[in-house]
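Chains as they are written, first to last, in our numbering: chain A, 1 to 305; chain B, 1 to 268.
What the hints contain is simulated information worked out from the structure, not anything from laboratory work.
Everything hinted at is true.
Derived lysine-lysine pairs resembling DSSO-like cross-links, with alpha carbons at most 27 Å apart:
# : chain 1 : residue 1 : chain 2 : residue 2
1 : A       : Lys32     : B       : Lys93
2 : B       : Lys46     : A       : Lys274
3 : A       : Lys274    : A       : Lys32
Covered, in the sense of this in silico footprint (three residues per stretch, anywhere, with C-beta under 8 Å from a C-beta of chain B), are these stretches of chain A:
# : segment
4 : 55 to 68
5 : 82 to 96
6 : 113 to 121
7 : 166 to 175
8 : 228 to 239
The structure presented is a predicted model; accordingly, all values stated were derived computationally and were not measured.
The C-beta atom is built at its ideal place from N, Cα and C for all residues, glycine as well.
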Amino acid sequence: MTADLASGPAPAAHPLRFPEHGVSGLAGTSFKPEHLRSILSERGPRGFFEVHAENYMGAGGPPHRALEAIRRDNPLSLHGVCMSLGGPQPLDREHLAGFRSLVERYEPALVSEHLAWSTHEATFFNDLLPLPYTAESLAWVCDHIDQMQEAIGRTILLENPSTYLIFEESTMSETEFIRAIVARTGCGLLLDVSNVFVSATNHGTSALDYLADFPLAHVGEIHLAGHAEQSDDENALLLIDSHDGPVPDGVWRLYEIVLGRCGPRPTLIEWDSKIPDWPILKAEAMAAQRLLDRHAGQASLRHAV
Amino acid sequence: MRSDIRIGPSAGNDGSYASAFAPGLNDPERQTPALVSGPGGKKAVKRYNVYRNNVTVGLIDALAAIYPATRRITGDEFFRAMARFHIRQTPPKSPLLFDYGRDFPDFIAGYAYAEAMPWLADTARIERAWLDAYHAADAEPLPPGAFASIPPESLADVSVALHPSTRVVRSRYAALTIFAANRSPEPVGAINAAEAEEGLITRPDLDVIVTRLPAGGAALIEALAAGLTLGVAMATVLASDPHFDIAAALAGIVEAGAVTALSPGDAR
Numbered sequence: 001m002t003a004d005l006a007s008g009p010a011p012a013a014h015p016l017r018f019p020e021h022g023v024s025g026l027a028g029t030s031f032k033p034e035h036l037r038s039i040l041s042e043r044g045p046r047g048f049f050e051v052h053a054e055n056y057m058g059a060g061g062p063p064h065r066a067l068e069a070i071r072r073d074n075p076l077s078l079h080g081v082c083m084s085l086g087g088p089q090p091l092d093r094e095h096l097a098g099f100r101s102l103v104e105r106y107e108p109a110l111v112s113e114h115l116a117w118s119t120h121e122a123t124f125f126n127d128l129l130p131l132p133y134t135a136e137s138l139a140w141v142c143d144h145i146d147q148m149q150e151a152i153g154r155t156i157l158l159e160n161p162s163t164y165l166i167f168e169e170s171t172m173s174e175t176e177f178i179r180a181i182v183a184r185t186g187c188g189l190l191l192d193v194s195n196v197f198v199s200a201t202n203h204g205t206s207a208l209d210y211l212a213d214f215p216l217a218h219v220g221e222i223h224l225a226g227h228a229e230q231s232d233d234e235n236a237l238l239l240i241d242s243h244d245g246p247v248p249d250g251v252w253r254l255y256e257i258v259l260g261r262c263g264p265r266p267t268l269i270e271w272d273s274k275i276p277d278w279p280i281l282k283a284e285a286m287a288a289q290r291l292l293d294r295h296a297g298q299a300s301l302r303h304a305v
Numbered sequence: 001m002r003s004d005i006r007i008g009p010s011a012g013n014d015g016s017y018a019s020a021f022a023p024g025l026n027d028p029e030r031q032t033p034a035l036v037s038g039p040g041g042k043k044a045v046k047r048y049n050v051y052r053n054n055v056t057v058g059l060i061d062a063l064a065a066i067y068p069a070t071r072r073i074t075g076d077e078f079f080r081a082m083a084r085f086h087i088r089q090t091p092p093k094s095p096l097l098f099d100y101g102r103d104f105p106d107f108i109a110g111y112a113y114a115e116a117m118p119w120l121a122d123t124a125r126i127e128r129a130w131l132d133a134y135h136a137a138d139a140e141p142l143p144p145g146a147f148a149s150i151p152p153e154s155l156a157d158v159s160v161a162l163h164p165s166t167r168v169v170r171s172r173y174a175a176l177t178i179f180a181a182n183r184s185p186e187p188v189g190a191i192n193a194a195e196a197e198e199g200l201i202t203r204p205d206l207d208v209i210v211t212r213l214p215a216g217g218a219a220l221i222e223a224l225a226a227g228l229t230l231g232v233a234m235a236t237v238l239a240s241d242p243h244f245d246i247a248a249a250l251a252g253i254v255e256a257g258a259v260t261a262l263s264p265g266d267a268r
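With the rest of the complex left out, here is chain B (with noise of 0.2 Å):
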């Protein structure tokens, strides 16, 4: 700790430059902090407000990157004007900024001048997801056909681990369908948004792979990531949908990388 830190007439609440200089980045509001100047003592107004513009748009041209779907959706004027309220509000906390805009998805579900477009919140909820899968840790999924390798008597002790991309996203509205539509390059046709949707998304190797999950899926998914054995995780799936195919969700999660090892159960 220093304990030598000067108090100055222009300093902040710490007597430091940052803490006079910091505060009016991310709020219009403020004066230009007292203790910069332009050469031979001149106005700063402009100058700091470069600092301002620098940061401001900084974060917002971030915000776009992350969200290209729902920047889309929206149109850039309206998706820049909901940034800016978004990163005054929840500026980053972390340097790395393929991180930030985690509270981005909730942000939008609360934003007024969004509530025509339920699914926005959602969309923006997989986009995120995507960027997280793509920037995961690398691992070997199995090939597909890997559950084959147990004998059906065992496979309720299963756990299965999963690739540290494996997302799963639930949504109300057709988000799956959307965010597939608004990341083509061709042109969005009609959907019909209310239908519900559940989507996985991992990265088995290179690409970012967005599936459509039968109804439970998400939630059988989340069984597992949970450390639950096979078994169990089925029944709780079974509990709420008795028609659930299991062996064919089994075998599309296998199908998009999501699985790289099965651990048989304790033998007892």
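Bound conformation, chain A alone (with noise of 0.2 Å):
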């Protein structure tokens, strides 16, 4: 027998307020706690950090001390995967709070969230699940896009999803339909330069095609990550975005296009599971750094001419 012998509302109250970190041409990383202690004792300039909104839900413990820790000295990123605001069904208000009650303890630089659906009826699938773009799916994503940016008090960035199939009845592209989210909803644009990579290879379509429509001006973060090959019914390539491993040639190559077209955002390197040491993952923060602070320096000479 286990009982719950705990009653009563949790301490309230958390009178933290931490300083505000910029993170204007930053690359970062995902935090993952097992590198709290490499992080913690190092010195110098340091990226951002985005963290997953679901794990920083429970009441207290350690997860909340090591974030307060990292977010004192860094600027974050609040990145929600369970909103299911591409669903069909009204949000889940019990979720939406516990989202604005992060947002208000740790001020994060920024707040994402997916095009994408996870909950239907009384199930939680834990994935990022795909929907069709019709003039349907599209008045109920804005209105759930209205909702959460009214329950936390400030615009989100809306990600991209990686898509493996197609719904026959959609009748706008991705990018149009995206578009026209940014229209009605006015939030940003979390752009995943690996989705548009995977979707595209997955599609038979042209990642380059699907940049040119994408509204550019609105992004306000790029995600960059490995993925993990796999073969559809047809032994076509089928590309699973896994956030498993170091970030491929093809997707840094579209990454300095999408730079070159829009300046320096930041940018963070996903690395979700296989996670390797803090060294490695640092190492690919870096890189994206150094191609971050050459484009600064481009779009500067711009500014000059």
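Could you fit the two chains together into a complex? Lean on the hints.
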């Protein structure tokens, strides 16, 4: 027998107010608790750190202690993975409230969510599931984004998905759908360059065409990650957005094209599985930082002319 | 409420893509939903299976992370097969995965292949309580010797506030010893599994502590948690065991960081 003996509300009020660390022009990494000690023992300038909001929705304990330590000295990006903005059913109010209190508590520099769904009826599916792009789905995605932005009191960055299949009922392209969302909700965008690469490969389309049609002016953050290779029913290459390795060359090249068009934007190396030691993850972020710095120089040259 | 939901030939019960797409994710017997395809209309069996696999593997991994000692005892293959049955029967309702698997110990207790390990379910119960304590709200526990500040004649009227992380576990088997041995990096030696054990799980600061309690200790803590005064709680425990060492038990409870406040009773 196990009995839950704790009663009464958690001690409220977190008087902590963190310094305002800017995120402009910086590279960052996913924050993994196993890296905390290495990160804290480093000196010198660091990038930003991104966490999955859901992992910090417990009442207390070591996760919050670690996140406070990270947030004190670094810009933070709060990345939601379970809001189910792309689902047809209303958002989970409890989850929305949990998200809002994290935003209030940690004052993140960036807040983002996905163009995907993960909950249907009473079941949580623990994956970023795809949706058809129609006038109807556009209407409820926009309603959900409005609701989330209102609940947390700020705009979010919406991330483009990686997908493995298409819906025959779709009447719009993904970029058309995303442009309409931006126009209706005023949200910003998180451009996941790896997702562009993965989806284009999986659907036999052009990543460059996708980028040409993507509203780059609204991009507030970029994601880069590794992927895995499988094959589909006809033995065509199927890329899996696995976040379990270094960023592949093709994704780096696409990233440089993006930077050339929209200038430096905060860029995250996403690495969520088979997590390497901190120096390896950090080296990936440093590689992104060098590209960001180079493009920052070019941007200022352009302004000077 | 929306009133303009389109009912298409490929859609599910309520007409939405989610109703058509979702049921197969946790049910391998179902066919690929008809509303999806690969580029150029090609088949999407393997493509849909990517989502199935993400859902299944993700949830099995979540249970493996919550129940590492259970997994060490059963071995990985056994654990993953058992977890797969459970996630299909009881998928999560909350997006917070650290909250998932609350029904897993009961599932293990009824799992035919685990019959030879009757202590496995209780070991899993300790692991679930461990994670609850880990994520519980923070609070400052009272220091050892806290009860010494109360005059002896007032002790019976005192009520005890417990730390939000406090949990108790009672097992007919040596589940605490089994848990501890299988959470330690050391090799596991011989354990007499037939000895009943009770335990207290707390997290006074950053580390979760699992403490062995004397028989009757769990009942004492449950009585205090229910808001009974110390006097009434003691009487409850002493009724079933007149030799129960109350002073030692209370000292142990405070030592484990389970007490955050002592309030004197009404002065009457």
